[in-house]
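Sequence lines, in order, name chains A and B.
Each position in the first sequence, counted from 1, maps to that position plus 676 in my numbering.
The letter at position 21 of the second sequence is residue 5 when you use my numbering, and the numbering goes up by one with no holes.
Don't read these hints as lab results, they were simulated from the structure.
One or more hints might be untrue.
Between beta-carbon pairs, the in silico distance windows are [stated by the list, open to error]: (1) Thr(-6)/B / Arg691/A: 39 to 45 Å; (2) Glu23/B / Arg691/A: 29 to 35 Å; (3) Glu(-1)/B / Gly679/A: 39 to 45 Å; (4) Glu778/A / Ala96/B: 40 to 46 Å; (5) Ser681/A / Gln44/B: 40 to 46 Å; (6) Asn727/A / Glu63/B: 42 to 48 Å; (7) Val706/A / Lys26/B: 45 to 51 Å; (8) Pro(-8)/B / Val688/A: 31 to 37 Å; (9) Glu761/A / Lys26/B: 43 to 49 Å.
No residue lacks a Cβ here, since even glycine has one placed at the ideal position from N, Cα and C.
For reference, the chains in residue letters:
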Amino acid sequence: GAGVSQSPRYKVAKRGQDVALRCDPISGHVSLFWYQQALGQGPEFLTYFQNEAQLDKSGLPSDRFFAERPEGSVSTLKIQRTQQEDSAVYLCASSPGDSSYEQYFGPGTRLTVT
Amino acid sequence: GENVEQHPSTLSVQEGDSAVIKCTYSDSASNYFPWYKQELGKRPQLIIDIRSNVGEKKDQRIAVTLNKTAKHFSLHITETQPEDSAVYFCAAGSFGGFKTIFGAGTRLFVKA
């Protein structure tokens, strides 16, 4: 079946621009996660959704970062007034949300802020 | 805050040798410990995981061990092959919290 997809795959933004990154999880998956992965580093947790409820947003680095999942499926990560330090790969992952803890990752969106 | 430390950062082995990667975690509430393999430019993929009620788990050439008392867990790859070359990440999470903390990664090179 289809895996997790993300769009766009690559995004170049000028400093100060707003960007929106989309994640399509595996159909039926209850849990959805966003991570930020800097070059040469491990994924860093940003936020977690269970259906449409955002249960943990402790990893969002500033109030410029906002995530939503209004209907409990597709999710959007929005970054306002992008800064150079926002340059990274943004990974989305989904999980069935039952006793299976496994997270299935999307291919990521590589954001470059110039 | 929660932290996962992983070492070594780089590991080079000869084909056929074993590779061991070690991680320690700080959050006592962690009860789920996955390992992911990430090839260059690709997404992380789960290769094996272990839960806190188990001390060891094996899947063909890959095994993980967990010591909850010491808060450390390890990945063992035996009979390494060139296609095992990748970056490996350990992680720690807990059901109910769902927040998963990743280590910084180990770049494994398997020389033919």
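How the hints compare with the structure:
Distance hint for Thr(-6)/B and Arg691/A: a CB-CB separation of about 33 Å, inconsistent with the stated range 39 to 45 Å. Take Glu23/B and Arg691/A: their Cβ atoms lie about 31 Å apart, and the range 29 to 35 Å holds. Roughly 31 Å separates the CB atoms of Glu(-1)/B and Gly679/A, a value that falls outside the hinted 39 to 45 Å. Remark: the range hint 40 to 46 Å for Glu778/A to Ala96/B is contradicted by a beta-carbon distance near 31 Å.
The given range of 40 to 46 Å is broken by Ser681/A and Gln44/B, whose C-beta atoms sit roughly 29 Å from each other. The hinted window of 42 to 48 Å between Asn727/A and Glu63/B holds, with their beta carbons roughly 43 Å apart. Between Val706/A and Lys26/B the beta carbons are some 25 Å apart, a value that contradicts the proposed interval 45 to 51 Å. For Pro(-8)/B paired with Val688/A, a C-beta distance near 34 Å keeps the hint of 31 to 37 Å intact.
Distance hint check for Glu761/A and Lys26/B: the Cβ-Cβ separation is about 24 Å, which falls outside the suggested range of 43 to 49 Å.
When the structure is compared with the earlier hints, violations turn up for hints 1, 3, 4, 5, 7 and 9 and for no others.
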